Amino acid sequence: MKKAQKGTAKKVLQYLRPYRALVAASILLSAAAVAGTLYIPVLVGRAIDRIIGPGQVDLEAVGKLLTTIGIIAGATAGIQWLNNTINNRITYQVIRDVRSRAFRRLQVLPLSYLDAHPTGEIVSRVIADVDQFADGLLLGFSQLFTGAATILGTLGFMLAIRPGIAAVVVLLTPLSFVVAKFIAGHTYRFFSDQSEARGAQTAFIDEMLGNQKVVRAFGREEKSREAFDGINERLAECSLKAVFFSSLTNPCTRFVNNVVYAAVALTGALVCLGSGGAFTVGSLSALLSYANQYTKPFNEISGVVTELQNALACAERIFDLIAEPAEEPDAPDARVLKDVAGHVTIDGVAFSYVPERPLITGLSLDVPPGSRVAIVGPTGCGKTTLINLLMRFYDVQAGAIRAEGTDIRRITRRSLRGAYGMVLQDTWLRTGTIRENLTLGKPDATDEEVLAACKAAHAHSFIRRLPQGYDTVIGEDGGQLSQGQKQLLCIARIMLRLPPMLILDEATSSIDTRTEAKIQQAFTAMMEGRTTFIVAHRLSTIREADVILAMRDGRIVEQGSHEELLKKDGFYANLYNSQFAS
Amino acid sequence: MWKYLKDYKKETVLGPLFKLLEAGFELAVPLVVAAIIDQGIGGEDKGLILKYCGILVALGLIGLGCSVTAQYFAARASVGFVKKLRSALWAHIQRFTYAQLDRTGIPTLVTRMTSDMNQVQTGLNLTLRLLLRSPFVVFGAMVMAFTIDGEAAVWFAVAIPALSLVVFGIMLASIPLYRKVQSGLDKVLGLTRENLTGVRVLRAFGKEEDETRAFDEKNEALTGLQKYVGRISALMNPVTYVIINLAIVMLVRTGAMRVEAGAITQGAVVALYNYMSQILVELIKMANLIINITKSVACGKRIQAVLDLPAGEEVIEGLEAGDPKWQVEFRHAGIRYSEGADESLTDVCLQVAPGETVGVIGGTGSGKSTLVSLIPRFYDVTEGQVLVGGRDVRSWEGAELRRRIGIVPQKAVLFKGSIRENLMWGREDATDAEMLAAAEAAQALDVIDAKGGLDGAIEQGGRNLSGGQRQRLTIARALVRRPDILILDDSSSALDFATDAALRKALKGYPGTVFIVSQRTSSIRHAEKIVVLDDGKVAGIGRHEELMASCPVYREIHDSQFRKEGA
Chain G
142 MKKAQKGTAK
152 KVLQYLRPYR
162 ALVAASILLS
172 AAAVAGTLYI
182 PVLVGRAIDR
192 IIGPGQVDLE
202 AVGKLLTTIG
212 IIAGATAGIQ
222 WLNNTINNRI
232 TYQVIRDVRS
242 RAFRRLQVLP
252 LSYLDAHPTG
262 EIVSRVIADV
272 DQFADGLLLG
282 FSQLFTGAAT
292 ILGTLGFMLA
302 IRPGIAAVVV
312 LLTPLSFVVA
322 KFIAGHTYRF
332 FSDQSEARGA
342 QTAFIDEMLG
352 NQKVVRAFGR
362 EEKSREAFDG
372 INERLAECSL
382 KAVFFSSLTN
392 PCTRFVNNVV
402 YAAVALTGAL
412 VCLGSGGAFT
422 VGSLSALLSY
432 ANQYTKPFNE
442 ISGVVTELQN
452 ALACAERIFD
462 LIAEPAEEPD
472 APDARVLKDV
482 AGHVTIDGVA
492 FSYVPERPLI
502 TGLSLDVPPG
512 SRVAIVGPTG
522 CGKTTLINLL
532 MRFYDVQAGA
542 IRAEGTDIRR
552 ITRRSLRGAY
562 GMVLQDTWLR
572 TGTIRENLTL
582 GKPDATDEEV
592 LAACKAAHAH
602 SFIRRLPQGY
612 DTVIGEDGGQ
622 LSQGQKQLLC
632 IARIMLRLPP
642 MLILDEATSS
652 IDTRTEAKIQ
662 QAFTAMMEGR
672 TTFIVAHRLS
682 TIREADVILA
692 MRDGRIVEQG
702 SHEELLKKDG
712 FYANLYNSQF
722 AS
Chain Y
49 MWKYLKDYKK
59 ETVLGPLFKL
69 LEAGFELAVP
79 LVVAAIIDQG
89 IGGEDKGLIL
99 KYCGILVALG
109 LIGLGCSVTA
119 QYFAARASVG
129 FVKKLRSALW
139 AHIQRFTYAQ
149 LDRTGIPTLV
159 TRMTSDMNQV
169 QTGLNLTLRL
179 LLRSPFVVFG
189 AMVMAFTIDG
199 EAAVWFAVAI
209 PALSLVVFGI
219 MLASIPLYRK
229 VQSGLDKVLG
239 LTRENLTGVR
249 VLRAFGKEED
259 ETRAFDEKNE
269 ALTGLQKYVG
279 RISALMNPVT
289 YVIINLAIVM
299 LVRTGAMRVE
309 AGAITQGAVV
319 ALYNYMSQIL
329 VELIKMANLI
339 INITKSVACG
349 KRIQAVLDLP
359 AGEEVIEGLE
369 AGDPKWQVEF
379 RHAGIRYSEG
389 ADESLTDVCL
399 QVAPGETVGV
409 IGGTGSGKST
419 LVSLIPRFYD
429 VTEGQVLVGG
439 RDVRSWEGAE
449 LRRRIGIVPQ
459 KAVLFKGSIR
469 ENLMWGREDA
479 TDAEMLAAAE
489 AAQALDVIDA
499 KGGLDGAIEQ
509 GGRNLSGGQR
519 QRLTIARALV
529 RRPDILILDD
539 SSSALDFATD
549 AALRKALKGY
559 PGTVFIVSQR
569 TSSIRHAEKI
579 VVLDDGKVAG
589 IGRHEELMAS
599 CPVYREIHDS
609 QFRKEGA
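Residue numbers (our numbering), protein chains in the order written: chain G, 142 to 723; chain Y, 49 to 615.
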């Protein structure tokens, strides 16, 4: 086991700690179940020894032995069931704990981590990896203990019956191991070829099918077929090898087992002849049944070990996630932001996502309560970053941002964020009813309040036309709603809450300008007396701002009102006038 | 779909056949052991023992040979079959029209092409290998037992149905439960994903604790379900174990009496005992196999369902022709996307001469994209006609029609490969000079420079480009085609105003007919014709000045963008 795996295994043990009584029970029970299982062939052998031929059958003794077998079989079955149940319990509870820890960690991970890792990857850790880990854990409990106990038990019983024949079995079984390993080693290459070919094909299918309309628009159907057939052919070649060679494992190990079986039969029969009755046919029968059983756990364990290694690899990924440093907790003396007038000061702020590429440097701005700040500039100039800093999704690296005169790092995140109402370019809605989505920020809102907010956001008329109105369930991320409708819902969500400050990031980019003009009224009413930060490509939305920040490469290059900046005839004027050029 | 198995007839028959042979040899083993006990040990004949053990090894060896052959045939048949099936399904999907793609859904098709196919391959492979073998071993063991001794073998006839009942019963009972577990898992997954995609909103609202509570609830429900299913499937081993051991007890008891009566030998009892032990393993294998096959059959049915969908568009003859002087003509065209739905576009009449530029404007969902998508026959009208060059688009051979049209879709999509390969989508035989010229018009030269020329690599989905860069390349791709009709479907949304203006300037001299869909009046104000759409209906057609005077919807759109200064 590699060092990293050891560390992971240790952590797994920590998760098992609360269930150590159950784990101990599981180990004891599997030992008991194995003992029962192995004892039965011995009893059957003894019974057979009392069935030698006509007139040589001790019916009474056989009857007693058979009763014992029945009792032991019943007891063993009971133990097996209890053991299985306990194993399930341990596994599923450990997994529940792991998932729960992982999710709790997600709630406190800094945005920098979440932004840097694709959602799919994190979800796959919390779900798929945990699931794989569960499978491995269950298999470990149910087969590793039992398998090991069976091997040891069988060995013990065989030694007790006839050490010589036991030695034959012990010497020959590794053969099956070697064969299995040999095949696995050679199929590994075919398997990795196969998964590579399969990955290439899946990527191709994803890309092409995902854009099938474009393929069709450009009449590339035939080309796409040709390319696919090439990839398909290669996959089939790799698959054939992988499927065939891997399917050799069972026949080959079975053959080795047959050889072992024959060897036991041979030595057993010869010993039987030579021992003058000390070694009986019944013992031979027991040994033969052991010879069959002895090799099985070896094969199983080798399967379990790969599975376990896989499970450990998965566990490692989850534990890595759980071990990711959380965002710095609120300072113990952090104050709760109350009675917000909306005074925000940005004081010499510097920030960058990667140290090599400074983004925002020396940014200063005083925003008096109730003023409207518009931020414009080309893509990547740092507009969205500013929002990240205001909301404390990221912390500034130099300088400070103050709300109501207090450094926002000395304010609880919850109260700071609660003071802002935010409508982002990437609308986000969750699976649930329209109403649930609207009241996300204000769960105790009354129906009247919801209605009023939706009317103000011009969302009411389309919601009303949905099949179940406000109780219509929408799928993940809005589902059947258009981008514009989703944006209206996000606006209504904020209108319902009416926090003292607003952040609008391209908030109306997907709404047509006519509707936008209508919402604008509502916005204007909402912005009245509220400090507002607006980011927009569309210059018409920001013309009425008190101060416009024209940003380029993370710096504010111009600052002032619309008229002032136009008069300046600089960067902003250029940007603004280009919309009328033709 | 089974016709694709035809080419593998030999493999499909020979695979299971060799498997049966192997099983036959395996069934002979207990008989040989019985002979060793009765004749070898009983008769004290060392030579015979040696000979019989040699036979055991030989049986194993022949079994190995048969089995390897069988595995090979099974692998060949299943891999080959799925290869053909995949290729056929892919070809079928290539013929799907937009409407058919919409109806089926892309994620569904991806699943059919990938995981369903894999499952079918696994299922077929296992079926060829095991479906005959397992029942053969189970019933073979019983038959062999009957040849040894009818009276003792009765216990086989009792044990096999009892075991089957338990094995299949538990499996059947747990399948729907496993489905429930899966849906519980999906819920946990959905919540986790939403938590991540909505992290900014959720944290802005301070919902972390609520989210955790909701997660715990779903997590706990899932755990409960898992434990419940676990308890049921945990019954399988113990119950079958009890049954098989009871059967052995009865078997040995009857055996003892039969030996006492002189009907069978001690070796025969051992053989019977061995046969009984073989049954259980095979029954469990068979039950697993059946689950696997059920899954594969379900996957196969889903694949078949897609194959059964009609694909492609009909070329309809005898439709009313129009005046060939119009490059594009709409005659009372209307479309509803699904039966019973409202019309997405109603009664559109429009005549466009070659070389004209047409602007299409309107609010979100007003039918702009729908209108232009009728020209390349992406969708068929449900009312009226759309004609290109005087011919109804439904009478054109689809590919031929689309060869004359260059489209820049709303979503800027590029494909993995070089920039040149991507531009060649426009026209296969385009020269480098032509590509560069197209790129220049599309304001995309700097993108090409930034990526190191036409050979510059584009990653899957164009990930290594910004939205604006992608959009400019998709415009270049359409221009490379030099189409008679160029359609820009709101395709400058990711461009800043300056680039957009430069692009418009470059397109001004384009010799073909150009359709520009936009939300901004600035993008289309110089078009020869502007179509104003409002909720699927034409609210006005004319030049900018005319519409400003006559069309309130247009004026409203324009004013909302330009207020006082712009007008």
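Please keep in mind that the hints were generated in silico from the structure rather than gathered at the bench. Since we're looking at a predicted model, the values are computed, not measured. Ideal Cβ positions, reconstructed from N, Cα and C, are used throughout, including at glycine. Hints are not guaranteed to be accurate.
[Unchecked claim] Partial chain G-side listing against chain Y, Cβ under 10 Å, derived:
no.: 1; residue: I220
no.: 2; residue: L285
no.: 3; residue: A289
no.: 4; residue: A419
[As the list claims (entries may be wrong)] Each pair of labels, with its calculated beta carbon distance range:
no.: 5; chain 1: Y; residue 1: A76; chain 2: G; residue 2: A289; range: 29 to 37 Å
no.: 6; chain 1: Y; residue 1: G153; chain 2: G; residue 2: H327; range: 51 to 59 Å
no.: 7; chain 1: G; residue 1: A539; chain 2: Y; residue 2: S281; range: 24 to 32 Å
no.: 8; chain 1: Y; residue 1: V345; chain 2: G; residue 2: V311; range: 43 to 51 Å
no.: 9; chain 1: G; residue 1: A539; chain 2: Y; residue 2: Y558; range: 20 to 28 Å
no.: 10; chain 1: G; residue 1: E201; chain 2: Y; residue 2: A210; range: 22 to 30 Å
no.: 11; chain 1: G; residue 1: T447; chain 2: Y; residue 2: K99; range: 39 to 47 Å
no.: 12; chain 1: Y; residue 1: S281; chain 2: G; residue 2: Q155; range: 51 to 59 Å
Taking the hints in turn, this is what the structure says about them:
1. I220: 8 Å, holds
2. L285: 16 Å, violated
3. A289: At 18 Å from the nearest chain Y Cβ, G:A289 fails the 10 Å test, so the hint is violated.
4. A419: Constraint on G:A419 not satisfied, violated at 13 Å.
5. Y:A76 x G:A289: 29 to 37 Å: At roughly 33 Å between Cβ atoms, G:A289 and Y:A76 fall inside 29 to 37 Å, so the hint holds.
6. Y:G153 x G:H327: 51 to 59 Å: Cβ of Y:G153 to Cβ of G:H327: about 41 Å, so the range 51 to 59 Å is violated.
7. G:A539 x Y:S281: 24 to 32 Å: Taking Cβ atoms as reference, G:A539 and Y:S281 lie about 60 Å apart, which means the hint is violated.
8. Y:V345 x G:V311: 43 to 51 Å: Roughly 45 Å apart at Cβ, these two residues keep to the hinted range, so it holds.
9. G:A539 x Y:Y558: 20 to 28 Å: For Y:Y558 against G:A539, whose Cβ atoms are near 51 Å apart, the range 20 to 28 Å is violated.
10. G:E201 x Y:A210: 22 to 30 Å: The hinted range 22 to 30 Å holds for G:E201 and Y:A210, with Cβ atoms some 28 Å apart.
11. G:T447 x Y:K99: 39 to 47 Å: Given a distance of about 40 Å, which is inside 39 to 47 Å, the answer is holds.
12. Y:S281 x G:Q155: 51 to 59 Å: 28 Å, violated
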